[in-house]
Amino acid sequence: MATDPKLHRRSSNRWQNWHETYAVDAGRRYELHPGSGGLSPAKFRKSAELVLDLIEEAKAEGKVLRAVGGTWSFSQVSGQQDAWILDTTYANRKARLSAGAMDAGFAGDADGLLLVQCGVSIFEINRYLEKERGRSLATSGASNGQTFVGAMSTGTHGSAIDHGGIQSQVVAIQLLSAGGQNLWIERPSKPVASAAFVQDFGAELRRDDDLFDAGLVSLGLLGVVHSVVIETRPIFLLSASQFEHPYDDRLKQAMRTLDPAGIDIPPEVQVPAGNPRPYFFQVVVNPHKQDTPTRVKLMYEEPFPATHQIDYRLQGKYGAGFDLPGLVGKFLDAVDPLTPLLTSKLFDMQLKLFANEKGTWGETFDFTTPRSQTAGASLAVPADRCIEALDLAIEAHKQFGPAPIVFACRFVQKSPGHLAFTRFEPSCVIDMDGLNSMNTHLVIERVRSALDAAGIEYAQHWGKFHDLTGGRLAASYGSDLDRFRAVRSALLSTPADRQTFSLAAQETVIGL
Amino acid sequence: MNSLPKAASVLVLAVLVSACSTTHFFVVQEPLRAGGPERASADSFGGAIEKTEVLECESNAVAEVRVKRDFFNSLIGAITLGAYQSTSIEYVCSKSEDDEVPVLGGSERGEEGQDGD
Ligand SMILES: Cc1cc2nc3c(=O)[nH]c(=O)nc-3n(C[C@H](O)[C@H](O)[C@H](O)COP(=O)(O)OP(=O)(O)OC[C@H]3O[C@@H](n4cnc5c(N)ncnc54)[C@H](O)[C@@H]3O)c2cc1C
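Chains as they are written, first to last, in the working numbering: chain A, 1 to 512; chain B, 1 to 117.
Warning: the hint list may mix true and false statements.
When the alpha-carbon atoms are kept at most 20 Å apart in a straight line, the in silico EDC-like pairs for lysine to aspartate or glutamate are as follows [as the list claims (entries may be wrong)]:
# : chain 1 : residue 1 : chain 2 : residue 2
1 : A       : K190      : A       : D111
2 : A       : K6        : B       : E56
3 : A       : K6        : B       : E30
4 : A       : K131      : B       : E30
5 : A       : K131      : B       : D98
6 : B       : K51       : B       : D98
7 : A       : K94       : B       : E100
8 : A       : K297      : A       : D249
9 : A       : K94       : B       : D99
Among the chain B residues that face chain A by a calculated CB cut under 8 Å, a handful are [unchecked claim]:
#  : residue
10 : V27
11 : Q29
12 : E30
13 : G35
14 : G36
15 : A40
16 : K51
17 : E56
18 : N60
19 : V62
20 : D99
21 : L104
22 : G105
Hints are computed from structural coordinates only; laboratory data are not their basis. Built from N, CA and C at the ideal position, the CB exists for glycine as well.
Using the sequences provided together with the hints, build the complete structure.
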């Protein structure tokens, strides 16, 4: 018997994020369940009503309501002390849209669209698209545990060099907000769903660029994103290789221009004759040993052969312990002379050399073993200033380190969304990944200060460790921040509305 | 170099603590994890008392179980000659799969539309 969507209130209010970088006592914890059976407009209306009622209840009780996805953000952007936390991950229904659902002005291929509810994870999308539809995501982050909506809400990105962040695949957003607002938001220049279709979902159609750009990366500050429609692409294979390359002028030029054609690609790497531009390009630098070659990862697009068996299954194996990164981080804080040695060992272990490994998008960016107490921060800079910024980061590490940290550079096109941090045309993202230790945080902050001092424009990943001062935020986002604020004030017109969708950590800095 | 004695003591402590801690992940092949890890206590008294703990998974399914024993758990077990065993257990619920992925909005392409209520 099919059951209806429902909210389940959990008995324990203790909440922690996936990688255990913080924990809070929530006021209440809820889960949104989709009910059994496939998605229908009636079920979707019911699900939205439950959330809208919850919003009003939280508001009446003066509580903040935080929607959370996979809780993969390291920074305190999802759960919050005393807030009511709405876990969206169960709400994982998907639907295709027929040509009959489309607006007359829709210019794309309806067959490539997928409606995903807020709890659908990247893995679920990959598996459905690749195994059942012969289609694929064009881009995502480096692994698959986030919900699509949680990932877009912080502007998650990969290193597909001709694509923007994950949110660049979104063509419609269903946003539930204060005062019973159930909005279906699209771009005026890219209409998707017909008015009748939207009405069937109990939503109000709004074609508004500012609202759309605010909704793409919103950190839950506008309301609860109940679903999005994404554009997908035909399935393809990636042929991935990782090799050593000196940090020399040719590589630096490739990093500034997103064009690795001029670097020394080892002969065993098969470069497609007709299409030598890689789909994916990444460079990882070990700041502990200046003479250590970088690790370059290139992936080339290939047609998907009918013989390829897609396999995402996890294999049992021994690995570093769950708590090991935290333990080693603390250890290295106490004994920092060992940091270069241990980090270099980790660098070699984690970044193995290989050539021409084939996989679909979902096979390539798959499950990550969870680790407590790892730390990550990312800064996007204009690609033409990538090397200046990276050299400053290496120098900051030399002066204020050592820290158990490496620098990875990934590259993306300018991404849509007022608060998208990959906002430069194109962007080089410097990921500072390491163990969660005092030294790691110290070096990360020194890198930011060095960029401030050098006058290099940058913006920080919302979901990773960041230290956004009011000044840094305004410098990063300029008038886009004002646009986001204006949309939020219009949508959440009373102080009580805004309080319901606030985020303490951001309050002081964004001034929302 | 007074960091060396410090290094040695921290190293000894780290080895002690980590050598006596184990983590086992039991995870299904293609996990559909929902929510975060929840804690379930698993203290036992030498088999004399059995406690059935019901895991709070609305979907009736579990995606992952993490069993952790740390240095202190092991120490208490040793001191009480195994009579008292303390293990930290965390579980992650699983979500259910879509029964079907409907095509909404009519059946213009000859597919079965499911746009009715
Ligand atoms: C192992 C690991 C690998 C990572 N790899 C990458 C990477 O390759 N590239 C990259 O850019 N980032 C990466 N990240 C960061 C991560 O992708 C982001 O932090 C992402 O936002 C997490 O998504 P989530 O589903 O876990 O959302 P959460 O962390 O739960 O939430 C993120 C934000 O979205 C909001 N939110 C979630 N759901 C909703 C909703 N339904 N409505 C409104 N607001 C909502 C939350 O309130 C919060 O502000 C990685 C993180 C980890 C731990």
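Checking against the hints above, which ones are violated? 3, 6, 15, 16, 18, 19
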